[in-house]
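Asks: Now for the letters of each chain:
2 protein chains.
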Amino acid sequence: MSRTEHLGSTGVAIVGAGLVGLGWAIVFARAGLKVRVFDRSKELVATLPAKLEQSLSDLESFGLIEAPQEIGSRVSYCDTLEEAVDGIRYVQESVLERVDVKRALYEQLDGMLGQNTIVGSSSSGIPSSDFTEGLSISPRCLVAHPVNPPYLVPVVELVPASWTLPEVVDQVDDLMHAVGQHPVRVARELRGFVLNRLQGVLLREAWALFEEGYCSTADLDATISKGLGLRWSFIGPFETIDLNAPGGVRDYANRLGGLYLDIVRERGEPQPWSEELIARVDAERRDALPLDGLQDRTEWRDRRLMAVAAHKRDMEASE
Amino acid sequence: MSRTEHLGSTGVAIVGAGLVGLGWAIVFARAGLKVRVFDRSKELVATLPAKLEQSLSDLESFGLIEAPQEIGSRVSYCDTLEEAVDGIRYVQESVLERVDVKRALYEQLDGMLGQNTIVGSSSSGIPSSDFTEGLSISPRCLVAHPVNPPYLVPVVELVPASWTLPEVVDQVDDLMHAVGQHPVRVARELRGFVLNRLQGVLLREAWALFEEGYCSTADLDATISKGLGLRWSFIGPFETIDLNAPGGVRDYANRLGGLYLDIVRERGEPQPWSEELIARVDAERRDALPLDGLQDRTEWRDRRLMAVAAHKRDMEASE
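As you go down the protein sequences, you meet chains C and X in turn. At position 80 of the first sequence (counting the first as 1) the number is 80 in the working numbering, and the numbers step up by one without a gap. At position 105 of the second sequence (counting the first as 1) the number is 105 in the working numbering, and the numbers step up by one without a gap.
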């Protein structure tokens, strides 16, 4: 299938228009696609045009898009689910992360969608088999899990259920490439998918080192943000170690595999984070940033992410 | 102690001038300090002026330094260890990562150093207690572990032995701040220190996901380099999750702590990476990058790291 014939050529539907859904609307509209947005909450929908305008204006100010009005004009808001999905070949489902909410929606969609329509779920943890079983659309459903905000962080995890057709995954892969995202193919369902598993194991070790008094949360953060994270912002963990030994990854594995095995072995039986531990972590974070400063800092983070995105685009363009 | 009176005010000595030692020389010289370099290998020392000039020229081309000649002129090469450390208050030891080699050097240094001289070891894994026991300088020895190259990646792990004086750690902390590095305080020795533990657990999970057929190494790399790594290049894992839940880190821990616990629990007993697994990882990497392309790619990585460093400096300057 050529890139001009991808799933979204005739437009896409976003169902569920919280932060994630609106982020997806920007991804697709930025790529030139028509986007129809539906959310059950009329109150929420009423706030969307202003939010969209703000995000597009921010993106323009970082040189990440041109013509924000034109992009914004591709997004329309629908009063009903039927209207949103009518004639559409790709639906990005981004409703609340709850099995019952998602299941009810998929049952509704089952009667509405055309024979070739595909539904990608933004589910960040629930596998799609928990809410897509036994429907006529089941073979055309999968997880397409973005990182927030998807218009700044390109990775999208594609996770099929056992009944998802392989060509469905291929088509969503093509669509994601076509709109400038970076799809990652996960062969089958697993807890936490891939991104949150990688994040989870690192967090578990960081929390354990803090609990045992080796390091403050600030110093653990600096170990990443002024250390490991610099390289990981443009090469992944395999390439990093491949370039860190004269003979490449094999050489590296032979040198350091034993150390890494010892590190996980000596951790022993994993325990939940205790209330007391959570309180200690919370106390350090609240010292660094009071709760009423979270919103400002989140906006700062998004500006920094925009700057990183612009930086990476410039670097890649010059290579 | 004021910043103008830090340990390095009268110059520093670099002992062991491989990649790490030379990187340190640039860090200190860039900050305006006099640097004396010693290495047992005269052949190696003969190559250093050209390598230094090349690195400084690269840094200048990315706008990361001015006046490379002036910086380079602060670095001198000594014929003997005595000459290098004479009158010096801080020695950055960067010899081969082998206990016997390090021990022999520390025994030599023990008779040479002034009463207040401190020795930081670039050891990336061996705790300093393995090679500094029972010397008159023992209380003034610690690990100061950099990331390569230290003039682009600022984090330095400070790891005291049980006999290291607390004020010694404070003084090295001050010195590292004064020369633009970011010291991370590790309370006591542990296997892999902190940075390699965080890297190690993430690598273990990535290798396991590859082994089980969930993802290619390329897709696992993209999950970081086009996903998690973007934020981690300017905020660490604790701040990342603190900004990812409305109620901050406590809220996040209550929502996702259970998932992360399940992820590590279901991994079960850690196993070594088998020869067959290493061969499969190696095959994917060699497909992506032949062994004879490693050197070029490493140079590309260093240029990208320079660009990231310049980007971060600009961002921080504008805040």
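Derived from the structure by calculation, the hints contain no laboratory data. A few of these clues could be false.
For the chain C half of the interface with chain X, some residues (derived, Cβ under 8 Å), not all of them [said to hold, decoys possible]:
no.	residue
1	ARG40
2	LEU44
3	GLN115
4	GLY180
5	ASN196
6	GLN199
7	ALA206
8	VAL249
9	PRO270
10	ARG280
11	ASP287
12	LEU291
13	MET306
14	ALA307
Yeah, the Cβ is synthetic: ideal placement off N, Cα and C, and Gly gets one too.
Asks: Of all the hints numbered above, which does this structure not satisfy? Sort the numbers upward.
Replies: Failing hints, ascending: 1, 2, 3, 4, 10, 11, 13.
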